[in-house]
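Peer 1: Those protein sequence lines, which keep their order, are chains A and B. Just so you know, we're using my numbering here: the first sequence kicks off at 1 and counts up by one. Just so you know, we're using my numbering here: the second sequence kicks off at 1 and counts up by one.
Source of the hints: derived by calculation from the structure; they are not laboratory data. Hints may be right or wrong, so weigh each one.
Any copy will do: because identical chains look the same in the list, a pair fits if it lies in one copy or spans two.
Computed list of lysine to aspartate or glutamate pairs in DMTMM-like fashion (alpha-carbon distance at most 25 Å, straight line) [unchecked claim]:
id	residue 1	residue 2
1	K346	E87
2	K66	E317
3	K346	E292
4	K66	D359
5	K66	E141
6	K65	D210
7	K65	D211
8	K66	D211
9	K65	D359
10	K65	E344
11	K66	E192
12	K66	D13
13	K346	E38
14	K65	E292
15	K65	D308
Number of protein chains: 2
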Amino acid sequence: MDPDLSSLDALLDEEDADGYLVDDTSHNSTQKYLSGFEAHDPFVTLYTPEETVLLVSALEYGRAKKQSRADEVRRVAEYDYRDLAAEYGPAEAKARVHASFLDDYGTSSVLTPERFPLGPADGLRDRDVSVTPDHSDRVTEIRAAKTDEEIAHVRAAQEANEASMRAAEDLIAAADVEDGILVHDGEPLTSERVKEEIEVTLLRHGCGLDDTIVACGADAADPHDQGSGPLRADEAIIIDIFPRSKSTGYHADMTRTFLKGEPSAEIREWFDLTHEALAAALDAVEPGVTGEEVHDAVCDIYEGAGHDTLRANPTAETGFIHSTGHGVGLDVHELPRLAPTGGELKPGHVITVEPGLYDPSVGGVRIEDIAVVTEDGYENLTSYPVELTV
Amino acid sequence: MDPDLSSLDALLDEEDADGYLVDDTSHNSTQKYLSGFEAHDPFVTLYTPEETVLLVSALEYGRAKKQSRADEVRRVAEYDYRDLAAEYGPAEAKARVHASFLDDYGTSSVLTPERFPLGPADGLRDRDVSVTPDHSDRVTEIRAAKTDEEIAHVRAAQEANEASMRAAEDLIAAADVEDGILVHDGEPLTSERVKEEIEVTLLRHGCGLDDTIVACGADAADPHDQGSGPLRADEAIIIDIFPRSKSTGYHADMTRTFLKGEPSAEIREWFDLTHEALAAALDAVEPGVTGEEVHDAVCDIYEGAGHDTLRANPTAETGFIHSTGHGVGLDVHELPRLAPTGGELKPGHVITVEPGLYDPSVGGVRIEDIAVVTEDGYENLTSYPVELTV
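This is chain A alone, in the form it adopts within the complex:
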């Protein structure tokens, strides 16, 4: 994929900077996006309006030449890294190598990601390179608007996601109930067992995931508790799955809440209200609407029904205690924000919409779809049904 980086060129021009510099592993999605290269150890990408150049270790050189989208790949050995490290230590050696590398490309001022590493930045500044973190987060903004190819990658990850949600729901549906505990194959059906089934299903569909949430009862009242132990009947079980495609690196994200047995009136009311909030939020999605307005649609529904929200009470610990959603792409959490600070939605933004209610004395309910903003509204990329009882 060749990203459209014209707005980065414009930013470099405005800020009078020669290039944009990244020094990170490809776990940093801006690094992966600009370099088109995956590596576990940090490497350097210099982007200028004329060319993209990588600086890598000998170990990564062959692969980088083959796989990256760079116009040129250089090796640290060409800049005598080893001798410099022996003489000055690794930090100063790296600074000297990076400064020489930038000098080779006529670059004496760079913008960087907000979270560019401090040590290397100081090393370059000590050598009179101007290094300025880009607070506007321009590359993450560029990354937020997906090409059709990227949307297809998310769609493929979401298909794997739905297969794994189906495997989880089937496991819960097939369970027996003994003394209020779900039982499968004569053993208590645990959160860990359901996660394993989800993650194996994802692997069989070419996706990986390390942190599935399968959280029951009070565990589910903490939105980021991953859940543990036996699952119980008559309690809400939140399942939140956000796989990454191993081949493309793109994510999907979806949450469902299931209940085996009989829901209390309160859980049923929470579920229906959350389903209503999901619909209201999606109804609000179109280009030009802000993430804040979509978030407000959810808060309006919850507050109207007497629930607390972070909008009404910034230190609330029960009620709707997170934002409405986020962008999804190479990162599972990226721009745009569907939150009080969320800016305008644009066509190609891939977003989650995930209202939820939480209270340790009741449990948690969350429903999350993933959708893409289109020219005149949105397309929901989720086809998984929304049903509480299984």
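Based on the hints, put chain B in the right spot on chain A.
Peer 2: Relative to the frame of chain A, chain B by itself:
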């Protein structure tokens, strides 16, 4: 686990700094180690000799109080983040919140990891906080020496690793050969299929891994090529597996090279020489020996047999073209280095020893064990056999 941070206290004292500050997700292992907390979004840990304090979002607050090793957990909402972000934007709001937070703990000068994020560092410096990256990498040095509990975590991950290597070897051993291609269940046996089997086996054993290497023939000549496509008979297949335990976060790491069919005389010689290099390197391991000396033991063997090494020729593209090994813990690559820049080994260091030879016209051979440095030598944590032909 309560890590022994006395040498960090000594560093703070030497450098006249009030505290050590980390601003990152728990994917940063120094963050995970100091905070004892796992979260996908960045959070702040302030370590001082008196206490460890976390600064987290509302979303992580409940879980952080329960799970982290911090003495105290604070929320950004307590510092009016939302109002500040509305007035000044997120970067400046964050800087103001962090400065107020540090001020609450009487901290006006901090050391940070070398790769602390630049934007937040500049934000603090603008508010007269002294922020100095610790080039000595003291916390990664502390992390390198493992407690018995941490060694047990690595050992457990290595048991899962050996089960997954067994699954891979069994799949290759059971394959038929048709027209020089391995065939399983009537389909070509691919690198992707073997990786899937490895990763499913790891999941069933409580470990995760996203980037297994199963590389055959010329693919294996590039040490970090992950391999793809049908596996071939009579060619060396490098399998490198480095799982992370989902429960503890600790890694293991092991490589074997397998060949189905008849090895050429050259591959056989490479394999035996590499096995010899592994033994020579392990023989050299004991406290007080440097990583460089262990690396030299491997280079001596290879150079003695007429192979190129990076020691003899820093731009070599064939021969022994990587370092001998690295520490393993919360990171799969961490201190110490078994490389030209490697310092003294100490008891509790968990290290890989992984000699290998590479040439696209021959293929690649690598054998990697994982071991722990003991008071008087080492204990090999690997029990998987070393056999080329399957």
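Peer 1: Next, verify each hint and record whether it holds.
Peer 2: Quick rundown of the hints versus the structure:
no.	hint	result
1	K346 x E87	between (52 Å within a copy, 24 Å between copies)
2	K66 x E317	between (50 Å within a copy, 15 Å between copies)
3	K346 x E292	within (14 Å within a copy, 54 Å between copies)
4	K66 x D359	between (52 Å within a copy, 16 Å between copies)
5	K66 x E141	neither (28 Å within a copy, 35 Å between copies)
6	K65 x D210	between (30 Å within a copy, 22 Å between copies)
7	K65 x D211	between (33 Å within a copy, 19 Å between copies)
8	K66 x D211	between (32 Å within a copy, 18 Å between copies)
9	K65 x D359	between (53 Å within a copy, 17 Å between copies)
10	K65 x E344	neither (38 Å within a copy, 35 Å between copies)
11	K66 x E192	between (40 Å within a copy, 19 Å between copies)
12	K66 x D13	neither (31 Å within a copy, 48 Å between copies)
13	K346 x E38	neither (28 Å within a copy, 33 Å between copies)
14	K65 x E292	neither (43 Å within a copy, 29 Å between copies)
15	K65 x D308	between (54 Å within a copy, 22 Å between copies)
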